[in-house]
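Anchor point for the sequence shown: position 132 equals 132 in the UniProt record's numbering, and the numbering is continuous, going up by one each time.
Derived from the structure by calculation, the hints contain no laboratory data. Careful, some of the hints might be misleading.
[As the list claims (entries may be wrong)] Derived CB-CB ranges, DEER-like:
(1) Phe21 to Gln100: 34 to 42 Å
(2) Ala72 to Val3: 29 to 37 Å
(3) Lys31 to Arg145: 54 to 62 Å
(4) Gln100 to Val176: 40 to 48 Å
(5) Lys31 to Glu146: 20 to 28 Å
(6) Leu66 to Glu125: 50 to 58 Å
(7) Gln148 to Asp6: 55 to 63 Å
(8) Ile172 to Phe21: 54 to 62 Å
(9) Asn5 to Arg76: 47 to 55 Å
Fair warning: this is a prediction, and the values are worked out from it, not measured in the lab. Idealized CB from N, CA, C, for every residue including glycine.
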Amino acid sequence: MFVRNDAKCFRFCRSKCSKNFKMKRNPRKLKWTKAFRKAAGKEMTVDSTLQFEKRRHVPVVYDRDLVQATVAGMKRIAEIKARRERAFFKARMAAAKEGQLTNDSLEVTRSGHLLTPGMQEQTDETKKAMSASRLLLQARAEKKRERQMRNQKKRAVGMDVGEEEAAPAEKIKQKVKVKKQSALKKTSGGMGMSMRS
């Protein structure tokens, strides 16, 4: 347990947590912490079952019936929380499955030549996914080509400088040369012994 100078107590579950706290590591950046999982949307943050876990700093007079009801309620709340966590996880995985399928089909389309032919029979679903991924790859390649063409046009326009723009560019070059020469005159030779006169 660590007690800060403002009397805030930190109780650690294991030495790993204690060491990371002492090293002043941000728990939101460590993937194994609860803080990271909640911030990244991997665990429930808003739920009525989480309200029961809050500490209440109000002393209550002991009552046997109240304690029995509380213990029974704790078990029931744990069951409800577990059920909701499973549902939350399933919903998250269902949303991620679609993206994973597109990534997998893109990978197979890109490096399908590495697979031996006739390795596995293709189902209708697989064929649809493959054709969709081919279309997606073609669209991406088309966008890339368009972007490259636009960049080439910009470069070509930048090189074809008109006569009006050429004159100021030459003036700037001459100014830079003059500045460099004056800088060389100032720095060349030590203790007033320069080669130029």
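Hints, one by one, checked against the model:
Between Phe21 and Gln100 the C-beta distance comes to about 35 Å, which sits within the given range of 34 to 42 Å. Between Ala72 and Val3 the CB atoms are about 35 Å apart, so this pair conforms to the stated range of 29 to 37 Å. In this structure the hint that Lys31 and Arg145 lie 54 to 62 Å apart at CB is violated, the actual value being about 38 Å. Gln100 and Val176 have their C-beta atoms about 56 Å apart, which leaves the hinted 40 to 48 Å range violated.
One distance hint, 20 to 28 Å for the beta-carbon pair Lys31 and Glu146, is violated here, with the actual separation near 38 Å. Separated by about 57 Å at the C-beta atoms, Leu66 and Glu125 satisfy the suggested range of 50 to 58 Å. One distance hint, 55 to 63 Å for the beta-carbon pair Gln148 and Asp6, holds here, with the actual separation near 59 Å. At roughly 58 Å, the beta-carbon separation of Ile172 and Phe21 lies within the given 54 to 62 Å, and the hint holds.
The beta-carbon spacing between Asn5 and Arg76, approximately 41 Å, falls outside the hinted interval of 47 to 55 Å.
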